[in-house]
Structure formats: C-alpha cells, structure tokens
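Asker: Listed here are the chains, written in short residue letters.
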Amino acid sequence: MAHPNDRVYSEEHEWVVAEGDTAIIGISHFAQDQLGEVVYVDLPSVGDEVIAGETFGEIESVKSVSELYSPVSGEIVEVNEALGDSPETVNADPHGEGWMIKVKMEDASQVDGLMSAEEYDEFVAQG
Amino acid sequence: MTDVAGLKRTALYEEHIALGARMVPFAGYEMPVHYTGIIDEHRAVRERAGIFDVSHMAEFRVFGFGAFDFLQRALSNDLGRIAGIGQAQYTLLLDEDGGIIDDLIVYHSGDLEYLIIANAANRETDFTWLSDQAPDDLELVDESDRTALIAVQGPCALDVIRELADEGWEPPVRFTLGEARLGGAVPCLVARTGYTGEDGVEIICRVADAPVVWRLLLSFPEVTPCGLGARDTLRLEMGYHLYGSDMDRKTDPISAGLGWVVSKDKGDFVGGRAVARIREEGPQRKLVHLLVDEGIPRHGYPVLHEGVEVGKVASGTFSPTLQRGIATAYVPSAMSAPGSLFEVAIRSKMSSATVVKPPFVTSTSLSGA
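Residue numbers (this note's numbering), protein chains in the order written: chain A, 112 to 238; chain B, 199 to 567.
A couple of the hints might just be wrong.
Partner residues aside, some chain A positions facing chain B, computed with beta carbon under 7 Å [said to hold, decoys possible]:
| no. | residue |
| --- | --- |
| 1 | E148 |
| 2 | V150 |
| 3 | Y151 |
| 4 | L154 |
| 5 | G168 |
| 6 | E171 |
| 7 | K174 |
Covered stretches of chain B, going by a simulated chain A footprint (3 or more residues, C-beta under 8 Å) [as the list claims (entries may be wrong)]:
| no. | segment |
| --- | --- |
| 8 | 344 to 358 |
| 9 | 375 to 386 |
| 10 | 409 to 416 |
Simulated from the structure, these hints should not be mistaken for lab results.
Just so it is clear, CB atoms sit at the ideal spot from N, CA and C, and this is done for glycine as well.
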C-alpha cells in the first residue's frame, strides 16, 4: 500500500493536499483498489460550494457506485475535466493525475483534523 | 466445502485465492468477481480466451425409459428437436401459470439420458419441482456436488482445447456435447455452449480433476482467468437473460422475449396453456434492451416515458465494448419497439435511453464478423 506522506486523508478515503488556502482533493490508492476499474466520475462545477463531510460527486466502477465526500468546506475553483474522458486515470494515478477537485477553503485549518499517511494506513489495516 | 459464513466453495477455491481473486458471496458460494479487473477480463474474452469457474451451477442427471416423456412434459422447449445424442437445447422450467422457475440447458447426454445445467440459486427449487413430477422408475440425480464446470470462451478458446486434447480431436459442433481427454489424462465432457457471445466450450469434469484442468488451461499465455463480473458484462452485451434480474417466477416467457424456447406444437406440458394464452392475447409488458446515453443504469433504477415512470431496470451495467451504459427493462408492450425513447433515473439525473434490438454487441467470434 503506497499512501504518500505529503498529504492528509479522510475516513471516507479522500486525500487532501493543501497549498495555502487551496485544497486539492482526490481518492486514495486504497479506495481505487477497492472500487476496481473506474468507468465514470461525476464531479460538480466550478463555483459550487462543498461542505466538509457531505458529498461532492459520485464515482462508479463496473460493479458499484460510491459517493465522494468532501473533507473540507469551501468553493470549487477547479475540476479535473480530464476524468470525464479518462476515468481510468483514477486507478492508474490516484494521488497524481487522478485528482478530482480544487477547493478554496473557508478555513485552511480544517485539514488539521485529517489523518497522516501513517494514521491512514493503520485505519485501513483495521478494516 | 463450507466456510464459517456458511458459504460453499468450489473445487477451484484455492486456485482463485492463489490468483489474487476478489471473492464475493454469490448464490450461496464464495465466488471470484474478478482477478485483475472486470474490463481487462471482459476484453480478454472478446479478443483471446477467458476461463470461468462456474462450478457453482447445478447439474442434474435424468436417466431411464421415461426420461424423454418426463422432460418433454416438465420443460418448455420441444425435446424432440434434440433427438440426436449429444445435442443441447436452451429451455425453461415453468409453473402452471407460465411463471419462469428457471432457465436451463438440457443436453441429450446418452441413450435414455439427459444432463441438465441449472442456476445455482435455483438448485433446490428445481430439483424438488422436478422430483415431485418424476415417475418412480426414473433416475433423477443431483450431481452438482461432484461436478465441476469450467467455461472456456473467446476466439482462441477452441485452439486451446485442441492443443490440450488428444491428437486429431475436433470440437463438437455448436450446441452439442462431446468428450475429450485433456492433458493426456483427464476425461471430460466438452459442450460447445457458453454465455458470453464468443465461441468456446464448457468443460464438465469431476470435482477432483478441476484444479488440473484449470491449471492446464492457464498454462496458455492467451488464457485469462475471469470472474463473475466479466461474465455479467459479456452476457448483457449479448442480451442474454439472467435469472433473478431479467426473469423470475412472476415473469412469463412471452414478456421476457423467450417465446422461442416455448414449444407451440409439442402437446401438453407444464405451463404450456398459460403461455399459449399470453402469446395469443399479447403480453402487457415486454423486456426491452436499452442503450443509455450517460451514466450507468443499475438493477431497480426507474425507467420513465415522457416523465412518467413505466418500469424499472432489470439488468444494467457498463458495456466495456461500447463504453456506455446498457440495460434491460420491462415496459408496456406498446412502447417496446426499437427506437422508442425512455429516460433512466440514474439517482438524481435523467439519462436518455433508446430501445435497440439485441445483441448490443454484434461483432464476436460467434457472429462470424
């Protein structure tokens, strides 16, 4: 399991890289592996508000559909439009090219409550 | 074999674990849903060859002087059309009201003998239903626990079996059953049938021989192990029915588009009169095949016509070949013609869907395209 330690993770298996007050959000390697081949990603639009703990979109594999939960609150400033044509990028590079949204956070300290890579690995191992 | 959760395991359970399969409960068994991924496995079958452990399926052997008469009355299709030994037929087990108890393949496996392959989930129901009607002097045996079933499907499938069988062996013709000795040692029945739309065979062997056959097949680089996930996407691309999703006891064969497997002229049989009446009056609802514009339709999602809900998705998935959502649904007969437009409510979004004639995918090794 390769969860990079340059970011923090939520219990719903999203990761956040905070750059100033901008949060880049995607799903973890563990999450994409559990889902299987991603065939459809439904993301919100730039300008939409997201609220920490609430859904911001959906991700589907052949077999199942899962909701995407935002780890932070704020306004969406960028959406990874490339996932519309190449949803499989989420499997191939979940922590890089498979990012999903960028959020301008109301309060950058929100990410402090999220898990480190080490804590997340432990969380996942406990099932 | 049974694990702590009460799920049964097939003879190939250890092979699946060794291959890193993701196991899921299915029809009371712990079965592989995929090994590497559903789409990879789906493509392997369309382009090369895939093997599937379908040993969970039920096998019944019917033997005796009354075998033909008994099955001709119990099953919907005309058994007289598989008079030759080795011939196979898709057929239905109906109740008196024409409700579908199960869909089956029946093989004329020998003199006075038939082999039935049934859905795993219906094993007890089917066996009890058949036993209740069987004459006393007929041998009706549930051989499921000592029989393994491995499907080998794809454009390269027959070449693989030719390599494994004795020198000069030729496959049985389409929809018939033959014999083969694989790897110079293992006696198998080889049926030229399948559920993928590709050419290939289903190998019926003893449980003890299944791991050897599985490994022999996997020794070919063109062979990919495939799980039930790919089996489902492959069959739905062909518009093949799945019991429990596309039909059940509350569904009749005419509505389900299976009128072609219910004889019109073989005389009296269970469910025959009820089906004849529905055929004559016309069914109220029909199973249609829908090509969906956006998103992935799934079982139970509402199907709307001009904003009014008229049905629900029966089977739905993402078609790896077409790269879009495909589905089946029961809708009022008047709206069932190819070209009819519907919307599928994919959670919060409405997606347009068009009725098409099955199969969804036409260029496979079976279609000759």
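Asker: All the hints need checking, so say for each whether the structure fits it.
Answerer: Hint by hint, here is what the structure shows:
Taken as an interface hint, A/E148 checks out: its beta carbon lies about 5 Å from the nearest beta carbon of chain B, inside 7 Å. Against a cut-off of 7 Å between C-beta atoms, the interface hint on A/V150 holds, since the closest Cβ of chain B lies about 5 Å away. For A/Y151, the suggested interface contact is upheld, since its CB lies about 6 Å from the closest CB of chain B, less than 7 Å. Nearest Cβ of chain B to the Cβ of A/L154: about 13 Å, over the 7 Å cut. The hint is violated.
Contact between A/G168 and chain B, as hinted, is not supported at the beta carbon level, the nearest pair being about 11 Å apart and thus beyond 7 Å. Given hint, A/E171 at the interface with chain B, holds; its Cβ is 5 Å from that chain's nearest Cβ, closer than 7 Å. A cut of 7 Å between beta carbons decides the hint on A/K174: the least distance to chain B is about 6 Å, and the hint holds. Counting residues of the segment 344 to 358 of chain B whose C-beta lies closer than 8 Å to any C-beta of chain A gives 0; at least three are required, and the coverage claim is violated.
Counting residues of the segment 375 to 386 of chain B whose C-beta sits closer than 8 Å to any C-beta of chain A gives 0, which falls short of three, so the coverage hint is violated. Counting residues of the segment 409 to 416 of chain B whose beta carbon lies closer than 8 Å to any beta carbon of chain A gives 0, which falls short of the minimum of three for the stated coverage.
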